[in-house]
Each structure stands twice: as structure tokens, then as C-alpha cells.
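A.B. asks: Model the full structure from these sequences, guided by the hints.
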Amino acid sequence: MIVAATLDRHTLPDAFRFLWDDRSFVGQKILEHVGLSAVSVGIAVALALPLGVWLGHVHRGSFIAINGSNILRALPSLAVISIFLPSLGIGHAVVAIALIVLAAPLILTNAYVAVDGVDPDVVEAARGMGLTPFQVVTRVEFPLALPLIFAGIRTAAVYVVATATLAGVVGGGTLGDIVFNQATYFLYGVVGAALVVSALAFAAYFLFALLERLLSPRGLRHAGAELREEEPPVVYEAAAL
Amino acid sequence: MTPVLAGGGPVIPNFGKATGCIANDNSFFCTTWIREHWTDTLQPALIQHIWLTAIAVGIGFGIAFLCALAAHRFGWLAPPINAFTAFLYTVPSIALFQVLVPITGITVTTIEIGLVGYTLLVLFGNTLAGLRSVPPDVIEAARGMGLTRFQVLRRVELPLALPAIAAGIRIAVVTTISLATVAAYITPYGLGKPIFDGLQINYHTEYVISGLLAIALALVADGLLVLGQRALTPWRRAARA
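So the protein sequences, as listed, match chains A and B. Take 3 as the starting number for the first sequence in the working numbering and just add one per residue. Take 9 as the starting number for the second sequence in the working numbering and just add one per residue.
For the record, the hints were derived by calculation from the structure and aren't laboratory data. There may be inaccurate statements among the hints.
Have a look at the derived ranges for each label pair, beta carbon to beta carbon [to be verified]:
no.: 1; chain 1: B; residue 1: Leu155; chain 2: A; residue 2: Pro135; range: 49 to 55 Å
no.: 2; chain 1: A; residue 1: Ala185; chain 2: B; residue 2: Arg163; range: 42 to 48 Å
no.: 3; chain 1: A; residue 1: Phe27; chain 2: B; residue 2: Arg238; range: 49 to 55 Å
no.: 4; chain 1: B; residue 1: Ser141; chain 2: A; residue 2: Phe204; range: 40 to 46 Å
no.: 5; chain 1: B; residue 1: Thr40; chain 2: A; residue 2: Ala185; range: 46 to 52 Å
no.: 6; chain 1: B; residue 1: Thr98; chain 2: A; residue 2: Val124; range: 36 to 42 Å
no.: 7; chain 1: B; residue 1: Ala239; chain 2: A; residue 2: Asp10; range: 18 to 24 Å
no.: 8; chain 1: A; residue 1: Tyr207; chain 2: B; residue 2: Ile63; range: 29 to 35 Å
no.: 9; chain 1: A; residue 1: Thr186; chain 2: B; residue 2: Phe158; range: 54 to 60 Å
no.: 10; chain 1: B; residue 1: Phe37; chain 2: A; residue 2: Thr134; range: 31 to 37 Å
no.: 11; chain 1: B; residue 1: Ile63; chain 2: A; residue 2: Thr134; range: 40 to 46 Å
no.: 12; chain 1: A; residue 1: Pro135; chain 2: B; residue 2: Ile63; range: 27 to 33 Å
no.: 13; chain 1: B; residue 1: Asn34; chain 2: A; residue 2: Arg220; range: 54 to 60 Å
As the structure is a computational prediction, the values presented were derived from the model and not from experiment. Note that the Cβ used here is the ideal one computed from N, Cα and C, for glycine as well.
C.D. replies: Listed below in C-alpha cells is the structure:
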């Protein structure tokens, strides 16, 4: 229900007052939002990361890793929700499916491109030193690919946090409950909740940037680019909300 | 004040025209409903959706292209334009639409403004990245052959930037198709309208078929853009072969 309430100089102060006055309710919605996003990104990583690293390691399946991802990425999130809704019912699960469909392709493509692009000479040298294929993956290719892998997860997390708002349409909780219900929370509530969604998306971005710094091998932090064959492609992803 | 309903006689609800399906029976996917509502609901929504997307990407590309040319010529323009488009991209769309409603009403204009805003980041970023990726030697050679600055742009830089520009348009199109379904929550228009209508009355067939149509539209548009990209850059295929 859309109410034509005008944005004026009171809206922003009212938005912050709403967030503060109803902090226990807003806090609960934030917890739902973060929980749904974290579970979705976690499942997407568990599905896409091993597949991407493996395909990159064997230098095969670029068609699946890139074109398959492009196809999944093209799917509108609301449409994915609507086709799974009859079988899954309203709630968190159907939204999680749509968020995984959104996140997994990005993680898969980046993991594939990152591992596939590790300098073959470095891999050759590691083999020559007597590393088993498994050790080559875990000790050489994966660490060298980490920055780009994290770039994929980071972008995916930002879009998942933004898109989790769609849960408000199908009774899945999250801050979308407020953003999609102006009739109850007024325009200042919508604006306040939207600001929180933006802040959470930025927080996800910086969290993964920090994780990347902490987990990347020290040598890569300065001279990383030289060890990869080519520059990572610029990947922009669809933010559905 | 006279009571409105007291003397008005029985209110006969309008159930619309009779269909071969039992109203709102969710136990099966009703193909009869689809056939009966193809011309009055689904086909118009599909056509509206195509127009929404085409207009948004068309206007967005016009703006982004001019901005990218300006930023390519005057390098200092790039960071502020980039920051502004990134800022637009981070504003949660459903909240932006609601803020726009008091100004532009519950109209197609409202959702087009939002949709155009979200295309700018990727269209501007990719166009500028494409223009900047042209090797300086190539430009040098073209200048040496006596081409004017405008000729270099038109006959050397733009053709070489075409793959990046096309990739940007492709992402912008699938993003817009996805966002436009959500925008129907504000202005009932496009394929999002039957999705939200179906959710409202909890009629599976209506929102599932609308979701499938949105997915089909996204995949067909993506596929056509890939073919168009190949047709426009035949030298890339020749180089690979």
C-alpha cells in the first residue's frame, strides 16, 4: 500500500527517531535480515566455491563457470521467489533460494577465474618441489586466488543484503517488512529501514574486505597482481533492491 | 451523513469472467487460466515490461555514454561521476520509489526514474573502462595517420571499446528486467503486476506463470544481446579462430 506522504525536512529526523524509539522491534528485524543473508551467503559459498576452485584447478568447464553463471545471474529475484513459492510456502526458505541463485554465480565465476588464472609457472614449480595435486590446490592456487575469490564473495554479500529486503513481500521477516509496509510505518519508517539496509550492505562490504586482508598471504598484499596472469574482470552484479 | 451501504441493496462482488478453472484453486497449475488471460493480462504485462526495460536502458545509456565521453576527455570528471552513480546504486530501490511517489505520482515516470538511476553505474563504468582500455600505441598510430581527435574516437576508440560497452548493456538489461518486476509494487505495470496480484489473492497459477515469463524474458534478452555483441565485433571471433 503506497501512501503519498511527502518527503520533507521532518522525514529524516523522524526516521532516526523511529529507529531509536522502536529499537527492540527494529533490532529484531535487523537480526532476521542478517541471519537470512548470512545463511544464504554461507550456502552459496559452500556450493559454488569448491566447484569453482576445482574447475579452475583442472582448467575445464569455463562454459559452466562463466556462461552458466551468466544465465543464473540473469534471473529476476522476485520471479525466482514466485516460481518456488507454491512448493516452499511463505517464509524464509523461498527467499533464501532466490538469494542463493543471486550469490552463487558470482562466487563461482570469480573462484574459477581466480584459480584458472594463477601463473602456470608457479604451479609447475610447486609440482616440481613434489607437492601432491591436493597440496597444489590448498597451498599454492587457493592462497594466490584468495583476493579475487573474496572480491566475488564480497560483491555477492552486498547484493544478498540488499535483496533480502524482498522477504517483506512473502512474509519472510527482515527489514523488508518495514520497507514494504508504508501504510503501517509511514514514509519515515520506510526511509529509516532503507538507511539501515544500506548501512548493513556497507558493513558486509567492509567485513569481507577486512577478512580478505587478514586471510591473504602476506606476500600477496603488496605484489599480488604480478602472480596472476591477467587482471580480474570488473564484475557488476544485479542489486534487485 | 447518510449511511452508504444501508439502502444500497446487496453488493454483488465482481468475480470477473467465468473461467475453466475453479476460482483460486491452488491444487494444480491451471493452463486454462493462462490461455484465457493471455490477451488481457499476460501479454500486455510482457509488452509493458519490455518497454519499461528498453526505455530505462535507452535513457540510461544516453546519459552514461555522454558522461563517459566527457570523463574520457576530461579525466578529473570521472571520480565525481563514479561516486554519484555508485551512491544512486546503493539507495534501496523500493524506498527510492516510495520517496519519488509524492513528486511524480503513482506513474510509470516514477519507476522509470528509479530504473534509469540504477543503470548508470554499470553503463558509465563499463563505457569508460572500455574507452580507457584502448592501447595508447593504437591511438598514437591513428593520430600519426592524420585522423582528427573526433575520427580517432569514432573509428578507433569506440569500436575497440564496444565489447566492454556491450557487456555493460547486457548487465544493465537483466538488472532492469529484475528491478522492474519489483517496481510494480509501486506502479502496477509490467510483469510484476500479475506477480503481486497473484500474491495478493494467493493464486499460484497467476504468479508462477508471470514469474516464468519474467525469467524467459531475461534469458531471451540476455541471449539476444550476446548474439548482437558477436555480430558487432566480428574481429574478436576472427582473432580467436
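A.B. asks: With reference to the structure, classify each hint as holding or not holding.
C.D. replies: Right, here's what the structure says about each hint:
1. Between Leu155(B) and Pro135(A) the C-beta distance comes to about 52 Å, which sits within the given range of 49 to 55 Å.
2. Under the hint 42 to 48 Å, the C-beta atoms of Ala185(A) and Arg163(B), about 57 Å apart, miss the expected range.
3. Roughly 53 Å separates the CB atoms of Phe27(A) and Arg238(B), a value that falls within the hinted 49 to 55 Å.
4. With their beta carbons about 29 Å apart, Ser141(B) and Phe204(A) fall outside the hinted range of 40 to 46 Å.
5. At roughly 35 Å, the beta carbons of Thr40(B) and Ala185(A) sit outside the given window of 46 to 52 Å.
6. Between Thr98(B) and Val124(A), the C-beta spacing of about 37 Å keeps the proposed range 36 to 42 Å intact.
7. For Ala239(B) paired with Asp10(A), a C-beta distance near 51 Å fails the hint of 18 to 24 Å.
8. Between Tyr207(A) and Ile63(B) the C-beta distance comes to about 31 Å, which sits within the given range of 29 to 35 Å.
9. At roughly 57 Å, the beta carbons of Thr186(A) and Phe158(B) sit within the given window of 54 to 60 Å.
10. The given range of 31 to 37 Å is broken by Phe37(B) and Thr134(A), whose C-beta atoms sit roughly 51 Å from each other.
11. Taking the beta carbon of each, Ile63(B) and Thr134(A) are about 57 Å apart, not inside 40 to 46 Å as hinted.
12. At about 52 Å, the beta-carbon gap between Pro135(A) and Ile63(B) misses the expected band of 27 to 33 Å.
13. Between Asn34(B) and Arg220(A), the C-beta spacing of about 58 Å keeps the proposed range 54 to 60 Å intact.
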